[in-house]
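Engineer: Going down the list, the protein sequences come from chains H and B. The numbering used here applies: residue 15 is where the first sequence begins, and numbers increase by one. The numbering used here applies: residue 20 is where the second sequence begins, and numbers increase by one.
Just so you know, these hints were derived from the structure itself, not from any lab. If you're wondering where the values come from, they're calculated on a predicted model, not measured in any experiment.
Interface residues of chain H toward chain B, partial, derived using beta-carbon atoms under 10 Å:
{"hint": "1", "residue": "Phe-62"}
{"hint": "2", "residue": "Val-129"}
{"hint": "3", "residue": "Glu-142"}
{"hint": "4", "residue": "Thr-146"}
{"hint": "5", "residue": "Val-147"}
Chain H is nowhere near these chain B residues, computed Cβ spacing over 12 Å in every case:
{"hint": "6", "residue": "Thr-33"}
{"hint": "7", "residue": "Leu-91"}
{"hint": "8", "residue": "Ala-116"}
Just so you have them, the derived chain B footprint on chain H, three or more residues with Cβ under 8 Å:
{"hint": "9", "region": "64-72"}
{"hint": "10", "region": "103-117"}
{"hint": "11", "region": "130-136"}
Built from N, CA and C at the ideal position, the CB exists for glycine as well.
Below are the chains, spelled out letter by letter.
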Amino acid sequence: MERNDTPPNAQQRNPQQQQFQQQNALGPASQGPTGPTGGPPQLPPQMFTTAAQLLDLTDKKLVLVLRDGRKLVGVLRSWDQFANLVLQDTVERIYAGKVYADVPRGIFLVRGENVLLLGEVDLDREDEIPTTVTKAPFEEVFELKKQEDSKRKSGDKKRHTELSALGFEPEHSGEILF
Amino acid sequence: MLFFSFFKTLTNQTVTIELKNDIRIRGILKSVDQYLNIKLDDIEVLDLDKYPHLSSVKNMFIRGSVVRYVMLPRSEVDVGLLEDATRREAANQAGKAR
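Isolated chain B, as found in the complex:
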């Protein structure tokens, strides 16, 4: 659930998503759900010539399972806070396993 909450804090930011089939899409992150499915608005496909089928698409729902990377604006990520939260979550998980 940690990354779900993390992505929720990034809504309305411009992100670039790379899919497992190498398509890269830049757009405004509109929403994200528990499976990390992502909804993007005002999209722009990088290297559009290779993917003509996306030429007239304006917004997009991407299934979480096909995402390879999400590139985030550096200024919007509080790395310290995220590190902290990640460790806490990991400790929590380890505690549960025992």
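This is chain H alone, in the form it adopts within the complex:
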């Protein structure tokens, strides 16, 4: 850690001083692009906040994957430090087997804890849909999805009972993740 956060001569100092140096380097008032004594270049600490990470995704077209497996495509309009998000012109894309369908949804306000990941859509490549999936009517996809979900749910349940009988705690108990 010291290699980048503290000047090279920090190695010789006593541990408490080193500790201080390390914490100091994390603080908001940390030094500029180079270390205090011309050490290795450092990125400004404000680069490493949730806000900074989301800032350049604002007003971009995104794919949002939620903890319950939903995939939303929309434009990110607002957010905060917990990754609570507001999406505009959202379309929910439902995938099942080799087919998918789009459902227009409008504005979405998502609580941060439900966010799995957020990906920026490359507008040049957005129409290149993989050959493994084809668009189908919503009713058809929805029906297939329902079947898939119930199949997975019963499979999960069976696995959980077997695992807990052996004394294992399921990896993400209570949390649905896919």
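Model the placement of chain B on the given structure of chain H, informed by the hints.
Structural biologist: Quick look at chain B alone, frame taken from chain H:
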């Protein structure tokens, strides 16, 4: 805070992240924050056929709480230094608890 600082030293390296839902994504680590949320650039999804919704995604924000593993380039990790820092942090924590 130790691992936050550790990940900060790995920015601009190529890492592979495995999520709790088994998706594996390789990309350039652009930034990390206090919750270990991760931003990846120029991503590549391993086993893309299973996750068609990620086919046209170029960069990605991943919430820290859904990450299972981060696979790092071996050459970029100073194991000795990390061990040292970890022990110091642990000792520090134990000292605080007392």
